[in-house]
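2 protein chains.
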Amino acid sequence: MDTPVTNASDVPAAPEQDEHVRTRLLNAAVHVFDRKGYASAAVREIAELAGVTKPALYYHFGSKEGVLMAILTQARLQFTQALEQAVVRTGSARDRITALCEDVYGLFEQNVPVARVAHAVLFGPPEMAPPFDLTAFELLFRQAIERIAADGQATGEFRPGSTTDIALAVMGIIEGCNERQLHQAFDPVGVAGVRRLLDLLFDGVTSAQRA
Amino acid sequence: MDTPVTNASDVPAAPEQDEHVRTRLLNAAVHVFDRKGYASAAVREIAELAGVTKPALYYHFGSKEGVLMAILTQARLQFTQALEQAVVRTGSARDRITALCEDVYGLFEQNVPVARVAHAVLFGPPEMAPPFDLTAFELLFRQAIERIAADGQATGEFRPGSTTDIALAVMGIIEGCNERQLHQAFDPVGVAGVRRLLDLLFDGVTSAQRA
Numbered sequence: 002m003d004t005p006v007t008n009a010s011d012v013p014a015a016p017e018q019d020e021h022v023r024t025r026l027l028n029a030a031v032h033v034f035d036r037k038g039y040a041s042a043a044v045r046e047i048a049e050l051a052g053v054t055k056p057a058l059y060y061h062f063g064s065k066e067g068v069l070m071a072i073l074t075q076a077r078l079q080f081t082q083a084l085e086q087a088v089v090r091t092g093s094a095r096d097r098i099t100a101l102c103e104d105v106y107g108l109f110e111q112n113v114p115v116a117r118v119a120h121a122v123l124f125g126p127p128e129m130a131p132p133f134d135l136t137a138f139e140l141l142f143r144q145a146i147e148r149i150a151a152d153g154q155a156t157g158e159f160r161p162g163s164t165t166d167i168a169l170a171v172m173g174i175i176e177g178c179n180e181r182q183l184h185q186a187f188d189p190v191g192v193a194g195v196r197r198l199l200d201l202l203f204d205g206v207t208s209a210q211r212a
Numbered sequence: 002m003d004t005p006v007t008n009a010s011d012v013p014a015a016p017e018q019d020e021h022v023r024t025r026l027l028n029a030a031v032h033v034f035d036r037k038g039y040a041s042a043a044v045r046e047i048a049e050l051a052g053v054t055k056p057a058l059y060y061h062f063g064s065k066e067g068v069l070m071a072i073l074t075q076a077r078l079q080f081t082q083a084l085e086q087a088v089v090r091t092g093s094a095r096d097r098i099t100a101l102c103e104d105v106y107g108l109f110e111q112n113v114p115v116a117r118v119a120h121a122v123l124f125g126p127p128e129m130a131p132p133f134d135l136t137a138f139e140l141l142f143r144q145a146i147e148r149i150a151a152d153g154q155a156t157g158e159f160r161p162g163s164t165t166d167i168a169l170a171v172m173g174i175i176e177g178c179n180e181r182q183l184h185q186a187f188d189p190v191g192v193a194g195v196r197r198l199l200d201l202l203f204d205g206v207t208s209a210q211r212a
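Protein chains in written order, with our numbering: chain D, 2 to 212; chain V, 2 to 212.
Think of the hints as simulated: they come from the structure by calculation, not from any bench. Don't take each hint at face value.
As the list makes no split between identical chains, a pair holds if one copy fits it or if it spans any two.
In silico DSS-like pairs for lysine-lysine, Cα to Cα no more than 30 Å straight-line [what the hints assert, rightly or not]:
| # | residue 1 | residue 2 |
| --- | --- | --- |
| 1 | K37 | K55 |
| 2 | K55 | K65 |
| 3 | K37 | K65 |
Since this is a predicted model, take the numbers as computed values, not measurements.
When you get a sec, could you build the whole thing from the sequences and use the hints?
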């Protein structure tokens with residue numbers, strides 16, 4: 002018994018294989034965190050689902066918290082890229098905000114399990130939360146809409162007023178649409194629904210604007 | 002040792018004392034569920050915080066799940082009462098929807114820990130959830146707004162269109178305001194903020210309504 006027992010997945014050889022194991026672990030972790038909750042998830046279960054050993058997980062991420070941090074960091078990067086694209090787009094402020102919201106809705110739709118994990122961490126017990134500032138999503142989203150709304154006010158397209166209020170109203174509507182994707186009991190509104198609800202906000206519900 | 006050990010809080014005497022122990026247990030449970038999460042909360046810790054023994058908790062609620070069910074049932078009752086009041090109120094549809102949203106915001110504000118527990122259960126891992134239909138809140142809220150919006154369309158106050166869309170837009174805005182109360186990193190918008198965001202939805206963000 003002098004020869005140590007080795008496992009191919011513990012000893013990553015080529016960088017591309019490393020990347021493959023990493024991705025398998027991230028996908029497995031999202032699945033387990035989503036089903037069991039981050040606090041109750043076991044490293045052993047994540048490794049098993051990924052088809053690797055526990056040491057492979059520790060090699061790549063250091064800890065269970067490290068896996069969650071990697072998942073959230075990746076999500077924030079995708080989100081930030083969508084916001085950056087939205088701010089530099091041309092067109093009316095209305096169309097730019099609508100396009101941004103469609104992008105954010107689509108990103109959420111493609112990543113529902115990750116979104117649910119992030120949501121559970123943000124609103125879950127603070128004792129369990131990792132040192133990741135999830136409120137950064139809110140700030141980035143709000144600032145992007147505020148910038149576009151200010152452009153809309155500068156051209157007279159939007160009525161004068163607080164751009165923060167416009168951003169909060171838009172975000173409320175989009176987050177409402179996104180949260181309906183998190184729970185199977187709700188019918189998703191879909192991207193066409195997102196557009197309809199934003200049209201209500203842009204044009205108003207009432208027949209005549211109040212002075 | 003023939004005499005059984007009794008504990009005053011285990012053997013409720015007068016109904017008013019029963020009610021007092023029950024309330025203490027509910028308050029303690031909300032606190033522990035909120036801090037630790039429902040899944041990680043221990044019956045022992047809830048009983049200790051309430052200053053009673055574990056059997057007293059089992060006597061009143063049967064189980065940890067029973068305590069959570071009692072908390073959520075009470076919250077749904079308060080919510081339903083607010084909605085019923087809103088539907089029978091008189092005035093413009095705009096003012097009735099605004100008053101309803103102010104009530105819902107205020108109810109949430111007075112019960113932030115309960116709201117956070119309910120939120121965590123609704124969006125948390127389904128394995129941990131109790132057999133309580135939290136989506137009922139959504140349905141009741143939506144139907145109340147749809148009814149008022151239909152009144153507003155009947156008088157010409159609101160433009161024609163889907164009352165469900167109006168309800169989803171209103172609910173998105175209110176839930177956005179409510180969720181900001183759930184996390185200490187966000188500034189609460191306050192009841193004046195709720196009114197400002199609803200005014201944006203009623204009047205529209207743009208200078209001219211699109212045909």
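Results of checking the hints against the structure:
1. For the identical chains of this complex, K37 and K55 are neighbours both inside a copy (18 Å) and across copies (27 Å), given an alpha-carbon limit of 30 Å.
2. Taking the shortest Cα distances, K55 and K65 sit within 30 Å of each other inside one copy (10 Å), while across copies they are farther apart (33 Å).
3. Within a single copy, K37 and K65 get their C-alpha atoms as close as 14 Å, and across copies as close as 18 Å, so both meet the 30 Å cut-off.
Checked against the numbered hints above, the structure violates none of them.
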